[in-house]
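Now for the letters of each chain:
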Amino acid sequence: MTAGEATVTLFGGILAVLAAASLVGWVLARRQPAGVPSPVIDNLNARIRAWWVMAALIGVAFVLGNPGVVVLFALVSFAGLREFVTLTHTRRGDHYALAVAFFVVLPFQYYLVWIEWYGLFSIFIPVYVFLLLPVVAALRGDTTRFMIRIAEQQWALMIAVYCVSYVPALLTLPIPGFEGRKVLLVAFLVLVVQASDVLQYVWGKLFGRHKIAPLLSPSKTVEGFAGGVLSATALGAALWWLTPFSPPQAALLALVITIMGFCGGLVMSAIKRDRGVKDWGWMIEGHGGMLDRVDSVIFAAPIFFHLTRYGWTP
Amino acid sequence: MTQQASLLPLLAGSFVTGSARLITGVRGNWQGALPDPRPRIYFANHRSHGDFVLIWTVLPRALRRLTRPVAAADYWGRGGIREFFGRRVFDAVLVDRERFSRDEDPIRPLLDALDTGSSLIFFPEGTRNTTDAPLLAFKGGLYRLAQQRPEVELIPVWIDNLNRVMPKGEFVPVPLLCTVTFGAPIGAEADEASLAFRERSRAALLALAPAAEPPP
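As they're listed, the protein sequences go chains L and V.
Number 102 in the numbering used here belongs to position 102 of the first sequence; there are no gaps in the numbering.
Number 34 in the numbering used here belongs to position 34 of the second sequence; there are no gaps in the numbering.
Rather than coming from a laboratory, the hints here were simulated on the basis of the structure.
Hints may be right or wrong, so weigh each one.
[Unchecked claim] Subject to a maximum C-alpha distance of 20 Å in a straight line, what follows is the list of computed SDA-like cross-link-like pairs (lysine to any residue): (1) V:K168 x L:A99; (2) L:K278 x V:P109; (3) L:K205 x L:G93; (4) V:K168 x L:R92; (5) L:K278 x V:N161; (6) V:K168 x L:R91; (7) L:K278 x V:N29; (8) L:K182 x L:G65; (9) V:K139 x V:N129; (10) L:K278 x V:G28; (11) L:K205 x L:E223; (12) L:K205 x L:G288; (13) V:K168 x V:R198; (14) L:K182 x L:E116; (15) V:K168 x L:G141; (16) V:K168 x L:L139.
Values in this document were obtained by computation on a predicted structure and should not be read as measured data.
Given these sequences and hints, build the entire structure.
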């Protein structure tokens with residue numbers, strides 16, 4: 001299958017799944033007696049509508065090619081960083097540091113991904129920004145809660161910019177015999193991890209009994225986790241033809257990224273709980289904020305990148 | 001609207017609300033009141049020059065044209081780009097702050113605007129709050145408006161986070177999420193003294209503020 005045929009097959013499949021989901025949502029809404037509101041069904045339909053929009057945006061990015069994918073995830077980072085920093089303890093003395101984070105660090109990280117400079121994009125935020133950004137804050141002379149503030153800034157950049165940028169960074173991997181198809185690797189990662197989220201939600205709603213982390217996230221259940229991870233792993237194996245992996249390898253990588261995705265959901269829930277909010281924001285109807293939607297991808301992308309780089313590049 | 005809406009101010013208005021959304025992702029919480037075209041006074045906390053822009057942005061488009069900010073003539077009426085935005089884009093009701101406390105009937109232009117069907121965005125603190133206190137004491141303007149137009153709904157509006165986006169004296173905004181919360185209208189009570197009204201309306205506005213968090 002050529003890259004073009006694979007892309008068409010893939011988006012055809014996504015379209016069919018979304019159409020089926022919309023149909024199910026429509027039937028559920030119709031079966032609901034008139035005048036009796038059902039928040040669960042309304043939320044389900046809002047989520048499905050948002051999925052159409054997200055699939056369309058990714059589709060447009062794919063049509064535009066590598067620049068489209070880089071710009072799309074730069075925008076994801078912008079929205080995510082905005083949500084993350086909103087919940088941190090910023091003071092006036094952080095203003096320059098934050099402006100630098102948004103308007104210098106974020107664009108520069110994506111520029112490095114764009115020019116495929118692996119040696120710098122993989123250490124720019126963990127090394128250079130880590131050491132230099134606190135200097136910007138320190139020069140303003142406000143020491144109140146200084147360590148908390150700089151730690152939160154670094155975390156915000158690592159989560160919302162560094163980790164997210166690993167998704168388009170997949171386009172830079174020099175995998176022999178995989179030239180011209182790397183965007184399919186992006187599709188594999190995003191599709192498997194997001195499908196795992198959806199499948200965990202569906203399995204949990206249908207069969208969920210035992211809460212897995214009641215203090216963090218009351219909606220996550222053992223049944224949802226197991227069913228979601230296993231079915232997403234099976235999906236990953238079935239999508240091996242998108243990737244340079246064999247079917248068992250695709251299954252193993254899918255298992256790793258779905259478990260990382262689950263962990264991402266837990267960690268990000270712990271932060272939300274600590275800050276006393278239910279959602280990161282309100283950007284995506286039915287889902288919450290951008291970070292609510294991509295928390296699993298954030299934790300999966302760097303691991304997926306480095307495993308693939310270790311195993312499949314010379 | 002006193003002026004014929006022409007293309008340039010409309011485009012400039014869309015640019016302003018679009019920028020506000022891009023930087024702040026602002027969301028309106030219609031907690032105690034719903035959008036309504038009848039004349040109203042939205043009274044809000046004031047920490048930034050962008051405050052009324054955020055309120056304006058979350059209003060439905062049809063109400064935006066009917067809702068006029070009350071702004072200081074010495075800032076927005078000075079000519080040039082500010083005057084263009086003040087008069088043509090936002091259609092502000094400009095008041096002279098110097099005369100405000102002395103003149104016999106300084107709120108006349110505001111009453112006229114209400115009487116012709118406009119709503120007002122009003123900052124009862126009278127000036128931008130640059131202190132650490134969440135809200136300054138209210139000046140008397142809101143009281144006088146309420147006494148003279150008791151049928152007009154007074155809606156408290158809390159603007160959250162904009163002071164973090166653009167602290168005083170900074171030039172580059174930092175993108176952070178902002179919310180605009182609309183509370184339940186407070187009614188004017190007959191024979192209520194100015195001080196009692198000012199405290200009651202201030203408490204209603206302050207009640208919309210998110211709880212201050214103790215430092216870790």
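(message) So if I understand the rule, the pair passes when the alpha-carbon distance is 20 Å or less; does V:K168 with L:A99 pass?
(response) Holds: V:K168 and L:A99 sit about 15 Å apart, inside 20 Å.
(request) Starting from L:K205, check that the Cα of L:E223 is at most 20 Å away, please. (result) 9 Å, holds
(request) For the pair supplied as a hint, L:K278 and V:N29, confirm whether the alpha-carbon distance does not exceed 20 Å. (result) 16 Å, holds
(request) Compare the distance between the alpha carbons of V:K168 and L:L139 with 20 Å, and conclude whether the hinted pair is satisfied. (result) The given pair, whose Cα atoms are some 19 Å apart, holds under the 20 Å limit.
(request) Below or equal to 20 Å on CA atoms is what counts here, so check V:K168 against L:G141. (result) 17 Å, holds
(message) Checking one constraint from the list: CA of L:K205 to CA of L:G93, max 20 Å. Satisfied?
(response) Violated. L:K205 to L:G93 sits at ~46 Å, over the 20 Å cutoff.
(message) Holds or violated: V:K168 and L:R91, Cα atoms, limit 20 Å.
(response) With a Cα-Cα distance of about 12 Å, the restraint between V:K168 and L:R91 holds, given a limit of 20 Å.
(request) For the pair we were handed, L:K182 and L:G65, check the Cα-Cα distance against 20 Å. (result) Satisfied, since the Cα-Cα distance of roughly 10 Å is no more than 20 Å.
(message) Check the hint pairing L:K278 with V:P109 against an upper bound of 20 Å on the C-alpha distance.
(response) 44 Å, violated
(request) Please work out if L:K278 and V:N161 have their alpha carbons no farther apart than 20 Å. (result) The given pair, whose Cα atoms are some 18 Å apart, holds under the 20 Å limit.
(request) Quickly compare the C-alpha distance for L:K182 and L:E116 to 20 Å and report which way the hint goes. (result) 13 Å, holds
(request) Starting from L:K278, check that the Cα of V:G28 is at most 20 Å away, please. (result) Holds, at about 17 Å.
The earlier numbered hints that this structure contradicts are 2, 3, 13.
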